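Q: The primary structure of each chain is shown beneath.
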Amino acid sequence: MSQFDFLQPKSRQIEIEQFDDRILTYVLEREQSFLTCISCGGCTATCSAGNLTSFNVRKIGLSLRRGNINDLSDEVQKCMFCGKCTLVCPRDINIRNVVLLIKKGIAQLETEKTL
Amino acid sequence: MEALLHRKIFRKNPVLGYMHMSLAFGWFLLIVVGHLETMIAEHSLFVPFHKAVFFRYYEGFDEFFLSGLFSFLMDFLLLFVLSGLMFAIVKRFRKKLFGLRRTTHLKSGDKIALTSLWLIFPLRLLAESTSAAVYHNGGFLTSGVGAAIDFIGNPAIFYYPLWMAYSLSLGFFFVALPNSRYMHIPTEVVFIFLRVAGIRLKKQNDSYTDVQVFSCSRCGICLDKCQLSVAGIDDSQSVYLLKNIRNKNLSDEKLFNCLMCGRCQVDCPVGIETIELRTVQRIESTREYNSSYDYLIQEVATKADVVYFAGCMTHLTPRVISSMKKIFATAEEDVWFMDEVKAPCCGRPLMLAGQYEAARKLIENNSRMILDSGAHTLVVSCPICYKVFKEDYKLPDVEVVFHAQYIYDLIHSGKLSVDTSNQRMVYHDPCELGRGMGMYETPRKLLGRIGEVVHMKDEKEYAFCCGGSLGNLKISEDKRKLLRDQALVTYEGFSPDILVTACPKCKKTFAAGRKLKVFDLAEIVAGAICVDSLSKEKEILEKQEADCYAVEGL
Ligand code: SF4
Ligand code: SF4
Ligand code: SF4
Ligand code: SF4
Ligand code: SF4
Chain A
1 MSQFDFLQPK SRQIEIEQFD DRILTYVLER EQSFLTCISC GGCTATCSAG
51 NLTSFNVRKI GLSLRRGNIN DLSDEVQKCM FCGKCTLVCP RDINIRNVVL
101 LIKKGIAQLE TEKTL
Chain B
116 MEALLHRKIF RKNPVLGYMH MSLAFGWFLL IVVGHLETMI AEHSLFVPFH
166 KAVFFRYYEG FDEFFLSGLF SFLMDFLLLF VLSGLMFAIV KRFRKKLFGL
216 RRTTHLKSGD KIALTSLWLI FPLRLLAEST SAAVYHNGGF LTSGVGAAID
266 FIGNPAIFYY PLWMAYSLSL GFFFVALPNS RYMHIPTEVV FIFLRVAGIR
316 LKKQNDSYTD VQVFSCSRCG ICLDKCQLSV AGIDDSQSVY LLKNIRNKNL
366 SDEKLFNCLM CGRCQVDCPV GIETIELRTV QRIESTREYN SSYDYLIQEV
416 ATKADVVYFA GCMTHLTPRV ISSMKKIFAT AEEDVWFMDE VKAPCCGRPL
466 MLAGQYEAAR KLIENNSRMI LDSGAHTLVV SCPICYKVFK EDYKLPDVEV
516 VFHAQYIYDL IHSGKLSVDT SNQRMVYHDP CELGRGMGMY ETPRKLLGRI
566 GEVVHMKDEK EYAFCCGGSL GNLKISEDKR KLLRDQALVT YEGFSPDILV
616 TACPKCKKTF AAGRKLKVFD LAEIVAGAIC VDSLSKEKEI LEKQEADCYA
666 VEGL
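Protein sequence lines correspond, in order, to chains A and B. Residue 33 in my numbering sits at position 33 of the first sequence, and the numbers go up by one each step. With the second sequence counted from 1, adding 115 to any position gets you my numbering.
For reference, chain A alone in the conformation it holds in the complex (with noise of 0.2 Å):
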């Protein structure tokens, strides 16, 4: 029966006690309209850096929620700025903000270890 757990995969599991959400709050302080996302991915659909490269906008979002800061650090990377994402959201999300502060915080944490 435990083969048929929909929590097999380790994907969709989250740690609570090793949930690291340090990254999650410093965006979320700064970006409120992150809130909003309902990872419908749009901005995956119309991203240029997505056209070339295996890169997901939206599963940025999901990582972060997640607290998965090594996947987030290489992963935004990626991203080139160019806005199409915020253009088709639904929601009016500042993806851009987003990407930048998650680059903002993980450096931050890199050499200050705090935030």
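One thing to keep in mind: the hints can contain errors.
What the hints assert, rightly or not - DSBU-like, lysine-lysine: derived pairs with alpha carbons at most 35 Å apart:
| hint | chain 1 | residue 1 | chain 2 | residue 2 |
| --- | --- | --- | --- | --- |
| 1 | B | 340 | B | 505 |
| 2 | A | 104 | B | 363 |
| 3 | B | 369 | B | 630 |
| 4 | B | 340 | B | 318 |
| 5 | A | 104 | B | 440 |
| 6 | B | 358 | A | 104 |
| 7 | B | 594 | A | 104 |
| 8 | A | 59 | B | 596 |
| 9 | B | 318 | A | 59 |
| 10 | B | 572 | B | 596 |
| 11 | B | 441 | B | 623 |
| 12 | B | 369 | A | 104 |
| 13 | A | 104 | B | 340 |
| 14 | B | 206 | B | 575 |
| 15 | B | 505 | A | 104 |
| 16 | B | 596 | A | 104 |
| 17 | B | 457 | A | 104 |
| 18 | B | 206 | A | 59 |
| 19 | B | 623 | A | 104 |
| 20 | A | 59 | B | 476 |
| 21 | A | 104 | B | 318 |
| 22 | B | 440 | B | 575 |
| 23 | B | 206 | B | 572 |
| 24 | A | 59 | B | 369 |
| 25 | B | 575 | A | 59 |
| 26 | B | 623 | A | 59 |
| 27 | B | 505 | B | 369 |
| 28 | B | 560 | B | 441 |
| 29 | B | 476 | A | 104 |
| 30 | B | 594 | B | 630 |
Just so you know, the hints here were simulated from the structure itself, not pulled from any lab data. Quick caveat: nothing in here was measured; it's all calculated off a predicted structure.
Place chain B with the ligands on chain A using the hints.
A: Just chain B with the ligands now, with coordinates in the frame of chain A:
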């Protein structure tokens, strides 16, 4: 000279210009003429500085060559300065009278300096007047006021205290100066000198950025121009940016909360490069996390005479792309549509975000593609791309042309002919194209061939930003809408048939707004192509079709 006169303020606001001129230029002349006067009185070319400044104190009642004329001149200049001062005081308390909606907030260093500055000249007047009353050496003004003091009491009693107060206020002013907005007085002279000598800002902080930062007089003229205040943003404008850099407390929230529209730069009387300065700060702020984009691969280029780069933004306005295709086909140009399927962004949005190193990676990749194609012309239909291609790409033997210019040339050389109509159009100057690249006339000339372009007050370098600018990474969509509506309401006031712009981002932004119909100028041209030339296009399409059949053996 320019530092003292500031013709730019005059052009914009004569009262304010007079105020600045009478204070700065008047004071300057007071010092110069005072010095001359002392030199003549002392019969010496070298007079101690304090003697010239406090001449009336030392002079006593000797008569000397031209002393009457000098007294008159000095009094006249003092009156000139005082009149300016009066305006300045009124302005502090009644800014509306000057057509200024806002004036800057002062910090304590400024307040000390401001108060002593205000006191210097009235005290000088009183001190010189008592001297005049005691020694009868005054001109028309000081003798008059001196007589009045004489009337109130014995001028000899006021004599020392007043001179003392005058010198104290002067002393206070110079002590407070380095810590106040009046620091711009010495710095600006250096700045203007350096600028005339051809020094330009680099992409990092250096002493020239400092000179610019300290040259700001905090006059607040930029504040008045900035559209952000319409959206209730009142702490990130250029004047505050400069203040924060000086005080070393600039936050990212303020640094990136600016449209980079350049409206503030147009009227800055000192000529501070507000946009470039902000860009430098953004580069410094994001230096540690530039992307490498090592996933970019070199695609194969197609040989052609002309390369068309639509850019990310144009891809969200497909009608602009189809219009460009129609224009290319009609003019029978040999074009390679470089980013039809995919291509990196041009790099300009990264630059606006300060990611200069990252942008260079995209620029290298795109440059190689363009050069490989062997084209002699690169056509772009987005001003955001245009600016970066023109300024930061090194493309020898390739001419970068904005679509407005390109289409205009096609019409001019007879490759394209357009019908005229009697449509009334308002043309919105995109910031990146207008203030950014100085292109104001070409789009108007092009549109003028098709319909009538309405003249407006807020156009060209005074044009509004649509609010959609990629330069601002912090502003919310709701606030952007307020900026957009400010522009749209103004345009609707001219009741045009349509609104035309030359930027896909502007088009997108405006199209989401009120009822006015918005078009890119490529669409206007494509819609006005004569039937004659159209039949040519049809021929080509038929030929292409025939070729296809031939290939497939049908
Ligand atoms: S388009 Fe907007 S709402 Fe949809 S996933 Fe992207 S950010 Fe979220
Ligand atoms: S700004 Fe970044 S995430 Fe958004 S569409 Fe452009 S490349 Fe993609
Ligand atoms: S930047 Fe220019 S316009 Fe703005 S306050 Fe300073 S001097 Fe005045
Ligand atoms: S560039 Fe535009 S938005 Fe930024 S401070 Fe100047 S006027 Fe305001
Ligand atoms: S979208 Fe157009 S008008 Fe708006 S800021 Fe950009 S270039 Fe300027």
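Q: Look at each hint and say if it fits the structure.
A: Against the structure, the hints come out as follows:
no.	hint	verdict
1	B/340 to B/505	27 Å, holds
2	A/104 to B/363	19 Å, holds
3	B/369 to B/630	33 Å, holds
4	B/340 to B/318	26 Å, holds
5	A/104 to B/440	41 Å, violated
6	B/358 to A/104	23 Å, holds
7	B/594 to A/104	24 Å, holds
8	A/59 to B/596	28 Å, holds
9	B/318 to A/59	34 Å, holds
10	B/572 to B/596	22 Å, holds
11	B/441 to B/623	21 Å, holds
12	B/369 to A/104	15 Å, holds
13	A/104 to B/340	31 Å, holds
14	B/206 to B/575	29 Å, holds
15	B/505 to A/104	30 Å, holds
16	B/596 to A/104	27 Å, holds
17	B/457 to A/104	28 Å, holds
18	B/206 to A/59	55 Å, violated
19	B/623 to A/104	29 Å, holds
20	A/59 to B/476	24 Å, holds
21	A/104 to B/318	20 Å, holds
22	B/440 to B/575	29 Å, holds
23	B/206 to B/572	26 Å, holds
24	A/59 to B/369	28 Å, holds
25	B/575 to A/59	42 Å, violated
26	B/623 to A/59	26 Å, holds
27	B/505 to B/369	29 Å, holds
28	B/560 to B/441	21 Å, holds
29	B/476 to A/104	20 Å, holds
30	B/594 to B/630	19 Å, holds
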